[in-house]
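Chemist: Kindly generate the complete structure, drawing on both the sequences and the hints.
If you're matching them up, the sequences are chains A and B in order.
Those letters in the first sequence? Residues 469 to 954, per our numbering, in order.
Those letters in the second sequence? Residues 599 to 891, per our numbering, in order.
Don't take each hint at face value.
[As the list claims (entries may be wrong)] Residues on chain B that point at chain A, a partial pick, calculated with CB under 8 Å:
(1) Arg602
(2) Asp618
(3) Gly619
(4) Pro620
(5) Val646
(6) His647
(7) Leu649
(8) Cys653
(9) Glu655
(10) Ile819
(11) Pro821
(12) Asp822
Rather than coming from a laboratory, the hints here were simulated on the basis of the structure.
We put the beta carbon where it would ideally sit given N, CA and C, even for glycine.
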Amino acid sequence: MPDEDAIRCDACPVLCYIKPGRTGACDRYGNRDGQLVRLDPHVVLDRAVSRGDSVVPFLDRDREWDGNIVSGPAKFVTAIGAGTTYPDYKPAPFIISSEAQGVDMVTVVTEGIFSYCGVKVKIDTDRHLGAETNLVRAQGEPVGHVTTGEYGSQMLSLGGVRHLTGGSRKEGTVTCDTLLNLCNGKAVDLAIDDGATVTVQAGKPPVVDGMQEERMRVGCGSATIGMFAKRWFNKVDEVVVVDDHITGVLSEHQAGKLLGVPETGIKMKGRRSTPGRYFQVAEPGTAWGGTNIEDPLSILKDFNPKIAWAGLRLLMVSTTGEHHAYFELDEALRPVEKDLPSFLRESVARIKENCEPALCTVLFMGGAGGSLRAGVTENPVRLTNSVKNSFTRVTCGGAPVYVWPGGGITFMVDVTRMPENGFGYVPTPALVAPIEFTLKLSDYATLGGYMDHVRTLDSLMTDERRRHLSARENNPWPLAKRQGTD
Amino acid sequence: MRQRAQISLLPDGRRLHMNDGPIDLIVEAFGDSHEIEAAYDEASRRFVHVLDELCSELSFLRQQSMPDSPLPTGPIARRMTAAVSPYSGRVFITPMAAVAGAVAEDILDTITSAAQLSKAYINDGGDIALHLAPGEQFVIGMVERPDRPSLFGTARLHSTQPVRGIATSGWRGRSFSLGIADAVTVLAERAAQADAAATVIANAVDLPGHPSILRAPARSISPDNDLGDLLVTQHVGELSPEDISSALDAGVMVAQSLIAERLIQSAAVHLRGETRVVTQEVVELPSRSLVHA
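Modeler: In structure tokens:
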């Protein structure tokens, strides 16, 4: 009767046949890739919550552990799969002691349920994705908004409590799904109101309106003039670096003036900021330098006939070097497009070369709320203070985090530095993310830690459900002595 | 050999938690301390046999209940078949529809015959068997969705009322449902009775053929499920107010007929934030109150 891919669970006499990705009648054991594993402890807890109970079954059973172990010279237990006791003020699922540099270190390993969390997405692109504060949608539901543009990248802020739990059920579910996929390194299609559609995947180039972004601009148009002025001097009479933010004009720019570049009589559209720097030469878009222009000449007015001359050589280039055109003025002082001379080709190539690969980066931003911290110590505020004072190190799936100054423990982590598929979700909807607190055993006792729940690392090593992973080379070892100020 | 069942007092020192495979019970008895102790001892002694007893007849208990079905042997299995027998031949139902309530009832009867208790409850994942000595009462909270623990109502049960069993069923719960109710809570004289009725009413809250409802054969998800090839609800998408109303109507109609047949006392049918209560005066529905943020 049972399907071929179903496995039989022998954890109890019900002997469920469990299909891949499913759990048995108990909701506790499941079939993951053909292996019988202990799954989704939070499901059990959700039920406990609905009964108002405070069950903490995780510590006294032998077959609970389903987490990843990052191996190396020593071992570090991540919280992935550790389960959580939210919202009960009970000891975290695993409190591990292991020796590091002669002192007993404790790692409190738990999975937090983050219903207020979000992600910050940095998209390296000059193209206009949408106006600031416009909604970002996934599957038609609002999941976040466009926030500031910074240094040639467009920032999106997604998730957060309002989209996760403040809107419709569908909005919450889609937001949770979007965050989960982004955090687990999957590609997500986002549509910005009155803007572009963009495919975002952590560590991969963005795809804007179906076009894959290759390079991120070297700087704004004005900065590009500054960087390349010497290279252009005497080879071309005028250079316009087209940029949605600040378009630069060589002959008027301070860099050109210093070199003695003569006036050319060029007249720009847009609003002049300071000499040689123009704002708003066109509308934002996905063409030249993040503007909407396909024809670069459309941002020029007629040349001043008193200054310009026939034969004047004009280079127009975008901040990534991706778009470029070369013109010479005819007798009527009208620009006529010509092939780019070989001696200018090199400067355009250099702009391109200096543009780094455009990427999407995703930072998960979560906070350790009161109940999560209470799972670590009996006095949650002491954990906060200990983290602020650097006695306690916070990691997320073994990856380093940046702890935001100020109240609470709010942290950011680059999801590409975490083990794969480190995130999960609960239907609340909320994300489930690993979080580890590492500190000296003696400090843990001082904090009011759950000393009677501390287990040795060895006691987990015998568990067949652990998973060993190699530590990522670019991550500092979570138990290592810290360098520098702390 | 290590004992499979886990039995321990919860950290509050009052409630007994018993778990074995898919069975997860919370027991609380009220009375003199030595009576409570005797009750918990007896509950533990009985509990370690429950799962094996049920599993010895599991394949029978997973078969459709028909008017001429033979009787099983185990006492819990007999409670199950008795609870579903009023429905056999009328709708598809198997004794498994009453398993949680029947287990709760069995443990309750075990402890009330072992000790003098003023009141007691056995909570089997939301299906609850109650004991109330004269003059005692319980206030029961009802949860709409197990994944969003908020109360949508409370029921005050007094010893003078006949209700001793409570059960909740819905497609989001642990068991599959043929319907789309978020929750159907039933009050009945016995827990197994309530359990079977909640299943039947929840199955009736439905919009057959509605495009927003995703269904899959139970067997395709869980190969040995008692519902076999029947289509069980996997996802419910957008529903119009008219859809919600007509699905609730269908459930209410079944609930009314079960009350008329004296199979249940009352039912609260819940779908997308709307609740319909069909009752013989036991359920109070105050304003919504959230128990957890």
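Chemist: Against this structure, judge whether each hint is valid.
Modeler: Status of the hints after comparison with the structure:
Because the beta carbon of B/Arg602 sits about 6 Å from the nearest beta carbon in chain A, less than 8 Å, this interface hint is met. About 7 Å separates the beta-carbon of B/Asp618 from the nearest beta-carbon of chain A, less than 8 Å, and the hint is met. Look at B/Gly619: its Cβ gets to within about 3 Å of chain A, closer than 8 Å, so that hint holds up. For B/Pro620, the shortest C-beta to C-beta distance to chain A is roughly 4 Å, which falls under 8 Å, so the interface hint holds.
About 12 Å separates the beta-carbon of B/Val646 from the nearest beta-carbon of chain A, more than 8 Å, and the hint is not met. For B/His647, the interface hint is violated, since its Cβ never comes within 8 Å of a Cβ in chain A; the closest pair sits about 11 Å apart. With 8 Å as the threshold, the beta carbon of B/Leu649 comes within range of chain A, its nearest partner Cβ sitting at about 6 Å, so the hint holds. Interface hint at B/Cys653: satisfied, since its Cβ lies 4 Å from the closest Cβ of chain A, which is below the 8 Å cut-off.
For B/Glu655, the interface hint is violated, since its Cβ never comes within 8 Å of a Cβ in chain A; the closest pair sits about 11 Å apart. Hint status for B/Ile819: holds, given a least beta-carbon distance of 6 Å to chain A, under 8 Å. For B/Pro821, the suggested interface contact is upheld, since its CB lies about 4 Å from the closest CB of chain A, less than 8 Å. With 8 Å as the threshold, the beta carbon of B/Asp822 comes within range of chain A, its nearest partner Cβ sitting at about 5 Å, so the hint holds.
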